[in-house]
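Q: Kindly generate the complete structure, drawing on both the sequences and the hints.
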Amino acid sequence: MTKEQIKDTILKIIAQIIPDEDLSNLKDDIPIREQVELDSMDFLDIIMELRKRYGIEVPEDDYIQLATLDSSVAYLEPRMREL
Amino acid sequence: MAARKANEARIVITGVGLTAPNGNNLAEFRKNLLAGKSGIQKFKIRYMGEVLAGICHFDPLKYQKKKELRRGTRAGSIAIYCAQEAIADAKLDLDGLDKSRTGVYLGITEHGTVETENEIYEIKQFDYNVKYWSHHHNPRVVANNPAGEVTLNLGITGPHYTLGAACAGGNIGLIQGLQMLLLNEVDLALSGGVSESTSSFGIFAGFKSEGALASHPDPEKACRPFDKDRNGVVVSEGGCIFVLERLSDALKRGAKIYSEIVGYAINSDATDFIFPSAERQVECMKLALNKVGISPGDIDIINTHGTGTTEGDPVECQAIREVFGEYPHAYLNNTKSFVGHTMGAAGALELAGNLPSFEDYIVHPTINLDHLDPECPLNNLVINEPKKIDKVDYILNNSFGMLGINSVVIVKRFEE
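Chains as they are written, first to last, in numbering that gives the first Met the number 0: chain A, 0 to 82; chain B, 0 to 415.
I should point out that these hints are in silico values taken from the structure, not numbers from a laboratory. All clues stand as given, with none of them false.
Cut-off 20 angstroms, straight-line C-alpha distance, at most; resulting in silico cross-link-like pairs (DMTMM-like, lysine to aspartate or glutamate):
#1 B:Lys-390 to B:Asp-359
#2 B:Lys-64 to A:Asp-38
#3 B:Lys-66 to A:Glu-33
#4 B:Lys-65 to A:Glu-48
#5 B:Lys-64 to A:Glu-20
#6 B:Lys-65 to A:Asp-41
#7 A:Lys-51 to B:Glu-118
#8 B:Lys-64 to A:Asp-21
Some chain B residues close to chain A (C-beta under 10 angstroms, calculated; not the full set):
#9 Lys-64
#10 Lys-65
#11 Lys-66
#12 Glu-67
#13 Arg-70
#14 Gln-124
#15 Phe-125
#16 His-134
#17 His-135
#18 Pro-138
If you're wondering where the values come from, they're calculated on a predicted model, not measured in any experiment. Note that CB positions come from ideal geometry on N, CA and C, so glycine has one too.
A: As structure tokens, then:
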């Protein structure tokens, strides 16, 4: 996957988890949880979807890496590059 | 007659919210009960294939966001819809409500089976690796879930819990609300019952294994209480929540009063897991009548529990004959013949369907009764067509459940 495809994938997962939110103006460099209503259980849904769809394990210590879209792409790129 | 009670000790129904396989509010439900319109359909469920079921068609997005639907349970969603509709029907201003003095008391037959089945199905795709088990599982399956979802949706901060009482659940939710009002624990009770049973293959499979799952080429004719050709239960989902208030409060705010709950009783067979006991059903009906201080001859309508099973229906008929045999005045009907067995909702939903009789003096019928089983003779059973009657002052509602739990509720035409 390219970085663009990874970002697209993350956005699709988020859209499924918080279907009432408008994600079209989501800024890449601001924490996602500051921009839309996404609580800790929703965040765990993102982790679960990455596990189920792509077999990616995100250890708890790394959750912070998924704060913004930019940091998520940077963190996931080495793990999703070959997908 | 019993001594007259103070208005603070009289509990009345001032709002009704419901969803049934043949109606999403009381007016629609009643219209279909009088028109003989069933709500049973063909339905596909995991592992079982095609079954017959009663599915509700309310719009869950009327009161919930998509995310709430994804996160919560079907029972929670049914409960939220019914609670919101009941509050609107009672013309209560949600913002003006003292939410710390409002309680939510919902009867359930079961809860958690649907969600557990779904999770096991999900992890099966991952070779049963439990790291794929959802973090939403526990809040979904805790037994208070349907009532708790109502409090989250409505911002209610008073007590909430469910009452597990098998198929007597709906009546028992109602009784609990009444008791909490009498104890002055709350000022408003959202009471009734809900069921999401049609989302659980295990419930269908369980009845099938018992030899008690109804089948018929025409889904709408499958639920046939008291008919010679009945062959079991039609599993349905549904919900019904009443707004209950002390009469003094209801009068103060000029509320529309559907009826007064004047009597109730709950007892246990202590005999069998499944098979009912006529002796204890008799006792339960008599306990409720004694609580009101009236004789069986004062009851005008009896809404039977009859589920359409070979074994269960004759037992209730025997019990009714024993209590009402010398007083052949009451008319009898059955609501499951239309909507199937809505499990935890049944007691409340079936009572709701009969409340309009206080106004229109019509008894809705029992449908699908082509050949009355000689084992089920009953006086004044209203068969296939509604019946206009002269007097409706008292309605008695039977609801019985597995493990031998019996419940009876008696409501009275409201008079100051």
